[in-house]
Amino acid sequence: MPNHDFVPLEALMQGPKPGLWRTPEEFEGHIEETEQEEISEEGIEFSGASRRRFLALMAGSMALAGVTGCTRQPDEVIMPYTDPPENVVPGRPKYYATAAPVNGIAEGVIVESHLGRPTKVEGNPDHPASLGATGVHSQSCLMDLYDADRAKEIIHLGLPQDWDSFQSAWQQAIGPIQDRHGAGLRILSETIISPTLGAQIQAVLKKFPAAKWHQYDPAGPHSARAAAQMVFGKPVHTYYKLDTADIVVSLDADFLACGPGSTRYARDFAMRRRQGDRLDMNRLYVVESTMTATGGKADHRLPLRYAEVEEFARELAGALGVNGTVAGNGAYQFWVTRLARDLEAHKGGSAIIPGEHQSPAVHALAHAMNAELGNAGKTVIYTSPLEVQPVDQIQSIRELSRDMNAGNVDLLLILGGNPVYNAPVDFEFTAGMEKVKTSIHSATQFNETSLKTTWHIPEPHFLEDWGDTRSLDGTVSIIQPLIAPLYPGSHSHLQILDAMLQFPGRSSYEIVRAYWSGQSGAKDFEEWWRKSVHDGLIANSALPALTLSPNSNFGTPQPLSAGGIEIVFRPDLYMYDGRYANNVWLQELPHPMTKLTWDNAIFLSPKTAKQLRFENQQHVQLIYRGRSVEGSVWILPGQPDESITVDLGWGRWHSGRAGNGAGFNAYAVRTSDALWTGTGVQLRKLDIPYPLATTQLNQSMEHRDVVIRNTLEGYKKDPDFAKQTEHEPAGNLTLYPQWDYRGYAWAMSIDLTACVNCQACVVACQAENNIPVVGKEQVLARRAMHWLRIDTYYEGDINFPTAYYCPTPCMQCENAPCELVCPVQATNHSSDGLNDMIYNRCIGTRYCSNNCPWKVRRFNFMLFQDWSSETWKMQRNPDVTVRSRGVMEKCTYCVQRIREAEIRSENEGRFVRDGETQTACMQACPTQAIVFGDKNNSHNRVAKLKAEKLNYAMFAELNTRPRTTYLGELRNPNPEFQSA
Amino acid sequence: MPQYFSRSANTFARFTILGIVAALVIVCWLGYLVVRSPYEMMQNIPREQPVPFSHEHHVGGLGIDCRYCHTTVENSSFANIPATKICMNCHSQMWATSPMLEPVRESYRTGKSIEWTRVHDLPDFVYFDHSIHVHHGIGCSTCHGRVDKMPLMWQAAPLTMEWCLNCHRHPERYVRPRDQVFSMEYTPPPDQIALGRRLVREYHIQSLTSCSTCHR
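Chains as they are written, first to last, in our numbering: chain A, 1006 to 1985; chain B, -6 to 209.
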C-alpha cells in the first residue's frame, strides 16, 4: 500500500525558505505585519449600524428575497433598422483595421464593432508595430472614447457655441493678422507625425509666412533628437530589431514595457529568448536609475543614479575602444570589462538601447558603441525622422512663452496637448496665455489649457474621425473611424486647419484622401485607397534605412555633483505625460513593480529611506529649487541610493472625475534646464496620512515558491528541474469518479520566461469581460476586480533584486476545490473541463473564494458596475453578462469566444482550428507568453508547450489538476559575473 | 392536582403542528406553481405591437417563408427583426394607404425604428444562438409554436431552463430533418425516436448541458 499521507501543512509552511519576497517588509522578515487578511476588516464593517438595526434589515431582506422571484420580466423593445447597412448581421460583430496613435506613433489595431459600437481593440497581425498584439494604451483607448467627461461642445468663454460662430470669430481675429502676413499668429502642436496634418500646417504657414509653428511634448524624445544633431549633424530616427540581438544592453531604457515600439520590442526580445528550444537564449543587461519591468527581467541589472549612467556609458565606450572616449576611472570596472567582452564576442548581434529620458550624451555614446560593434544597420536601424519637422521642442516652447509674455502673440492655436499643465514651470507659459487676445485649444478633453483659452473645440477621438500616422519603422497607416463622432461639436485638427485655408472647409475624410491621392503614385487610386484602409497600413511605406556613421561629439563629461539627493522625472507608464489621466482602466491598472493604482509616488531606495527615517507611504513635502509638491514615499527595492524617481502625468486638476486629484503633479517642480534630472532635493515629513492603494499584497500565495526558475546552465545540466518540483498525487487519490474528457479540452500554457509584466493582458481581459473599475477606496479595501493579475516577486538582496512575473488567471482545475463548497451550485464543471461560473445562481457566500488556493475569484462587494453612464454601456461586450452586486466572478477562459468558435465550426461542419479561439489575454500578449487551445489535439500549440520539459503545474501537490500550467523561467546570466 | 388540559388537547396539538408544516409546504408549493405559471412566463399571451402584424396572414395565408423577414436566422445568434424596408418591399404597392400601416410608412419616411415589443425575451444572462439550432434540425415551430396560426404573436413555450434542458438532454425527441426546419405543418412521425436517433448521429448533435453552453 503506497503511503498517501499528505504533507503536514506546518511542514509546507516551514519548508525551505523560498527566497521570493514581495515587499521590503517581507524581505526583512516582518511577514506577520504585511500578512493581511484576504478581506480587510475595515471593508466589511457596517458604518454606524447597530446589531439590532442589522438584524432588522436582514429580516426585511430575507422576507423580500423570495418576492423577487415573483416579478415578471419587464418588457423589452426591439428596434430594427429602417434601411439596414450592407453586410451588417445583428448578433455578429464586424472588424475594421485602423491605427491607434500611442503618444502619436501608430500601433496597428483591428477593432471589433457590434452594430456600430466599437467594443474591443485587438492588434493587427499585419502591422509591424503590433504583429497582432497590443500595448496597454491601444487596448484601453475605448475608455478614452467613451469617457463621460470628454469635451462635448465648442466652448467660448464658458458658453457653448456652434461651428459657424467659431468660424466668424476666426475670420474676425485673422483679418488684421492676414494684413501682416500672419505676424502674431502662432500654432502650438504636439509632435506632428501625421503626414497629412504636417502638410496642412505647412500650407497654413505658406499662406501666413510670418506666422510661427511651435511643437512641444513634455515627455518626448528630446535627448534622442539632440543626440542625433550631435553625432550625425541632422535629425535621425532610431529603432531596434531585437529578434537578431544576442546581447541587449539597456542604458536606463524600459523598452519592454514603456514607450512607442515596446509592443514590437517585447515580441522580438521574447522570441529571441526562446530561440532554439531555449538553448540559444539572448542575454539582457540593464543599467537603470529606478526599478522597471525591463530591469526585473534582466539577466544582470545594475542600479545606478541617473548621472552615473552617463559615466557608465563613457566607461563602456572606452572599454569598447570607441574613438574619442578614454577608459574611465574604473568605478564600474567589474561590470564594464565583462560586458565589453560579451559584446565584442557578439559583434553585429547586440543592441545598446539608451533610455528616452537619459541625457543626449548617453544617446550619442550608444550610437557610437552600436557603430563600433557593427550593430548599425543590423539590430539598430537609422531612418529619416518620423516627425514632419523635428525641432528642439524646449527651445520652441521657450520662444513661444517669451513672445506671449512680451505681448507679441495675438492669435494662438493650440492643437492638442496641455501646455498649461505640463510646460516647464520656469517659462511662465500660463502667465503668457493671459496676454494672448484670442486663443483656441482643440483636444478631446476640456483640460487645464482649455480653461485658459478663449475658445475650446472638442477633438474627435481617433476612432471617430479620419487621419493618418506613422509607426516606429515609418509605415503609414490611414486611421479609419469606427463610429461617427459621439458629440457633434467635435472637429478634427485637420478640419480646423482646413477652415483657415479655404471656405467652406472639407471633412477629415476629404482632406486625408486628397492628400494621399497626390502622394500614392498609384495608377488606380481608388483601389490603392481601399486596400490601404482595409489592410490598416500603406504597403511598403516604411522609411528606408540610412547608413550613417556617428562622429565623436559626446559632450564633455559632467563631474557628478555632490548636491545630495538626485531627482529623476519619468513619464508614467500608463498616464504617459498626463493625457491618459481620465482613463479609469489605466488608473486602476497596477504598475508592474509596485502594483500601485490611482497614484504616483516618490520612489526611494530602502537604504535612503532608512537614512531619512521614512516609513513606506510616509507623506512628504518634496522641495526642489524653491518649489514644492506633496506626495507619498514608496520604498522601491532596486532603486539606487540617494536618488528619487517621480512619475510625470499625475495630479491633474481638470481632467475629469477619475483623473482629478489622483497623484501629485511633478511638473510643478520641473524646469527647462533640468528636464529629466537635478540634484538638491529635500524631503520634509508631513503629518498627513495619505494611504497608497497597492494590490501587491492582495492575494497571498502563503510564501510558497510559485515561480520555478533556473539558469540556462542549470537547465542544460538538468532539463527536468521543473518537473521535480511537482508532487502530483496519483490520479486515483480522489473519491470522485474520473471524467473522460473527449472532444475539446481547453487549456492554457503561460511561459514565465516570456512575460515582461506589461499588463496588456490585464486591460484586455477587463475590456473583453465587462470587468468593473472599483476606485481607490475599494482597491485599498482589497476589492480590485481584475480577473487576471500579474504577481510580481522579488528575489535576492533588497538593493540588487531580480524580479519574477507570474500572470495568474483562474487555473480551471479539473478537480476544482471551489465547486465542492458552493452551497447553491453556482460554480460547476463543464464537459470540456471549464470551471463555469453562473452569476444568476450565486448568492455571495464567498466559500468558493475561500477554498481557492490561487485566490483568483473576485467578489462584487458593491455595485461596482456603472449601470447609468450611457457612453459606458456602449463599450460593454454584449456576449458577456454584466454582473451586479453580491456576485462572485472570475476568469472564464473567455468562454464566450470558445462557444462562438464552436458554433461557427459546427455550422461549417468542421472542428475548431488551433488558434481560432484565443482568450483576450493571449491575443493581447506582446510576447506570446500566454497560449490557449485544445490540449487533446497533440498538434496544437498548447499541447506541444505542455509537453515541454519546463512545464509545471502550480501547487500540483493539491491534486486539483489545473488546466493552466506554466513553463518555468530561465535566465541567462553571464558565467563571468559569478567569478567575483 | 387537576389536569389543565383534557386528553384531546394532545391530539389537537399534534394536528396543529402537522397542520403548520403542511400549510407551509402548501404555501411554498403554491408559490412555486405561481412562479412557474404560464402567467408569470407570459406564455400564451398575445402581445400588443405598434403595428398589429399578423403571422397568420403572412405565413399561413400568403405562405411567406420565415427567412424572407428573419434573414439572419441561419448564420447569427439573433434571428433579426425585419427592417422597415423589408415591410415596404410589398407595402409600397399593397395596402399602401392603409391607416394600420401608418407607423411603418412613418418609420420609412423618418428613419426612426418601429419599436416592437419583444415576445420571446430570455433573461440577459442567457445566450441563445439561432444558427446552431437551425443547423441541427430544430424547427421554428418546435419553440415558437404554430406561428402560422397566430394573428398576434405570443410566446408558445414556457422558455424555462427546465424546458430548454428537456431538449438538450433528449434531442432525439425533437430533431427533424433539415429540410423541414422552416415548415409550419411538420408533425413528428410516429417513429420520431428512431428518426431522431438517426438524425442526432447524422447531424453530430451533442447533448450539451454544461452551464456555460448558455450562461456566460
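Please note that the accuracy of each hint is not assured.
Claimed, not checked - Straight-line alpha carbon distances no greater than 25 Å define the calculated DSS-like cross-link-like pairs of lysine-lysine that follow:
id	chain 1	residue 1	chain 2	residue 2
1	B	K105	A	K1878
2	A	K1099	B	K142
3	A	K1457	A	K1440
4	B	K78	A	K1099
5	A	K1246	A	K1383
Hints were generated in silico from the structure; no laboratory data involved.
Open item on the list: Would the hint linking A:K1246 and A:K1383 be met if the CA-CA limit is 25 Å?
Closed with: This hinted pair holds, its Cα atoms lying about 7 Å apart.
Open item on the list: What's the verdict on B:K105 and A:K1878, does the C-alpha distance respect the 25 Å limit or exceed it?
Closed with: 21 Å, holds
- [ ] Decide if the proposed pair is consistent with the structure: B:K78 and A:K1099, CA atoms, cutoff 25 Å inclusive.
- [x] 22 Å, holds
TODO: Mind checking the alpha carbons of A:K1457 and A:K1440 for me, to see if they're no more than 25 Å apart?
DONE: 11 Å, holds
TODO: Mind checking the alpha carbons of A:K1099 and B:K142 for me, to see if they're no more than 25 Å apart?
DONE: 37 Å, violated
The structure shown violates just one earlier hint, number 2.
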